[in-house]
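Each chain is listed here by its residues.
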Amino acid sequence: MPISFTVNGEERSVDVDPDTPLLWVLRDELRLTGTKFGCGIAQCGACTVHLDGMTRRSCVTPISMAEGSDITTIEGLEGPEADAVQAAWRAIDVPQCGYCQSGQIMTATSLLQQIASPSDEDIDNAMAGNICRCATYVRIRQAIHDAARTLEG
Amino acid sequence: MNIQTSRRGFLTGLIVAVALPGLARAQQKSGAAAFFNELPGGSGGMSANAFIRVAPDNTVTVLIKHIEFGQGPYTGLTTLVAEEMDADWSQMRAAAAPADVELYANLAMGMQGTGGSTAMANSFMQMRKAGAGARAMLVAAAAERFGVPVDQITVEKGIVKAGDQSTSFGELAEAAARQTAPEDPPVKDPGDFTLIGTDLPKVDSSAKTDGSALFTLDVYRDGMLTVVVAHPPKFGARVASYDDSAAMQVQGVRKVAQIPSGVAVYADNTFAALKGRDALTVEWDESKAETRSTETMIAEWTSAAKAGGEWEVEKSGDVDAALNGAEIVEATYVFPYLAHGPMEPLDAVVELHDDEAEIWMGSQMQTGDQAIFAKILGVDKVDLHTMLAGGSFGRRATPDCHLAAEAAEIAKANGKGAIKLMWTREDDMQGGYYRPLTVHHIRAALNEQGGIEAWDHGIAAQSVVIGTPFEQMLQGGPDFTAFEGANELRYQTANHRLRWAKMDSPVPTLWWRSVGHTHTGFAVECFIDELLEKSGKDPVEGRLALMGEEQAREKAVLTRVAEMADQSGDFGYGVAVVKSFGTYVAQIAEIEDRGGVPHARRVWCAIDCGTAVNPNVIRAQMEGGIGYGISAALHSEVTFDEGGLIRQRNWDSYRILRISEMPSIEVAILPSTAEPTGVGEPGTPPIAPAIANGWRRMTGTALRRLPIIPVA
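Residue numbers (the numbering used here), protein chains in the order written: chain A, 1 to 153; chain B, 1001 to 1712.
Since the hints were derived computationally from the structure, they do not count as laboratory data. Fair warning: there could be bad hints in the mix.
Footprint (simulated), chain A over chain B, 3 or more residues, beta carbon under 8 Å [claimed, not checked]:
# : stretch
1 : 1206-1219
2 : 1265-1272
3 : 1340-1351
Just so you know, even glycine gets a beta-carbon here, dropped at the ideal spot from N, CA and C.
Please work from the sequences and hints to get the whole structure.
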């Protein structure tokens, strides 16, 4: 049975094992490779996408649960918060190896959609599930504050 | 980089044959000329030398011989070229150089590879010469076009001028390609630098914020099978037998094959491969496996460290006589096995043709990996694309090239076509190649003035190098990576001895960000801090007093960090200074008690790495190196049950630093005109001892076993 959903505004339908994690559908079937594999057990956040507007760990989300949902990946991320976050990330060169940064940006964008001016504590709480092994955390925190200020404009 | 397009399609494009003597021959051999036309900016233009391509659209692409996994060579080496070309930073691009040892060897290694924080150090003059050569060719072309002597040409921010005539690199590229490359072009005086030493934006930040940066895992080839391998549950175990009947029933599983490192499951997609591996039944031969528990190993290692060990590495004076009858201060330090845990687990893509193989891989030792692929696959040509890698910290630089070997065995068992080998996080955590389990034992005696009368140091650890193809670099001597940082002690001692006990285990070990300094930095800096406290000395002044004239640069970073640090709070403050890979780093950590364990609130860091090519990258590496060091100090260890089973599987049991535990960090870079040294590793060693010293001075409790907060 094909499973249908929307990814980055496009209707998609896949006919795969319904237990297949959304992560592997995005990558192997749809070739949206910006969403990364890091652990497979929702511990690192590298696979974070937006599902119906909320952050979701795609590595533990079976595709059967995505039927009819609206998914956004790093490739389709847009809007004022996303633009501000990505611009802030570039402005202070947050990424090192870069592998976790799609997930970091998906979570940071969601944070700013919910809290316009997050405190350090808000940031720590929201970003706690996103590991960066390069430890770019100092700049992640700074970039989120910078993006919030840009949005206050 | 369009990885879906075959390189062969570009062979018919315009190839401008110019270059340094010997390059044309090497290009024919390596295919580097074709590679140049795949670069940004369209075909044509000028390949000034093996490193620089000027395209008609005015972009300048620098081929980077070192892998980029966050430490910054794409930006740093591009800066060197842009500086000497007088290019505009906005026209600069970076791309991975092909794997070709004749053109792209690490001059510190004699093979193409990255490690030991050498990328900038070995490239500094080479890339500047390459840039200066390209500039000279562009200037010669401009002189012809303008009809003026070369000495009337000026170049600034990529604009080439003479009088009121002006043009761009792109417009000159084809004419410049016909110029003779100078053999030994002069480079700038450091006083004339306009880009080196400035905070240029990194060349790869944009692609790493929109998902477009391509890593090995992102490579998909037509008809490619995804492969995972069932690896032994204990180190040293081998496949005895396996039953793949259930695995072959999984939809999408195409093949199961035994390879030397385990049992490989080939499937149409990743999920099917993982499900197929779960469905395998494998019997393991554990007759040669490591079965000791971690506690047993620590007890054995501790005895060996106390006994001193068979390798006497350094000796001055008579330690035994000096310790005899003296009041002895002693300490034992225990360091666990550590996984590197790069965010992108190990992976490789192999496409096997009749007589050649094409590889996509985050290869840190291209020359070795190429040779292994050629040998196992029985092909003459191995076209290796060095991909961006999601971290390494040493993990991808394996002397035995085990990942390349595994990928090659998988491809060989499959025949023609493409395979992608993917390790899961569990494969990574349980796959070995750890920072060695290490125990230090130090005994010392002080004289009445607080000077060090004797320092007797024993280290027990496996060798990372002995028994590997890199062993020859030791020339029969001891493995310096086991004790580097404990030798050439920066503190004056009247009588000194350093011994190493080489321990043995089937657990494979490897260099881990800053290698021996990960533990020697801790042992030396914690022990000296205790000695200073015993004799009532200030941790900074006391260290300075024990250093000689040879330690001028250690003294400078220590003095600088003490000036920076605001130690006025009601917290613990700990200091450490470590020289590693030719770079000097001192740190002070501000420590608070967070539920009975130390939390670093703020860290001050002073670094002397010679000429600071890009201060922004250097600060980033200090921040990251500190975070990496805190992970290990607080949380990380790999341990074995009685019987040898590995306890840790994933990030839930192998804990690393999260954002809430990250301190704020202030970095000062000491001005210097010395040749640049590395920054990828040296930020890591001082932080753990700085935290432990701050904690001890605050609470009175010395921390001598890492991690501080073991996983229950």
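Okay, the hints, checked on the actual structure:
Against chain A, the stretch 1206-1219 of chain B contributes 12 residues with a C-beta closer than 8 Å to a partner C-beta. That satisfies the three-residue criterion, and the hint holds. Judged by the Cβ-Cβ criterion of 8 Å, the stretch 1265-1272 of chain B is covered by chain A as claimed, because 4 of its residues qualify and three suffice. Requiring three or more residues with a Cβ within less than 8 Å of a Cβ of chain A, the coverage given for the stretch 1340-1351 of chain B holds, as 5 such residues are present.
Hint compliance for this structure: no hint is broken.
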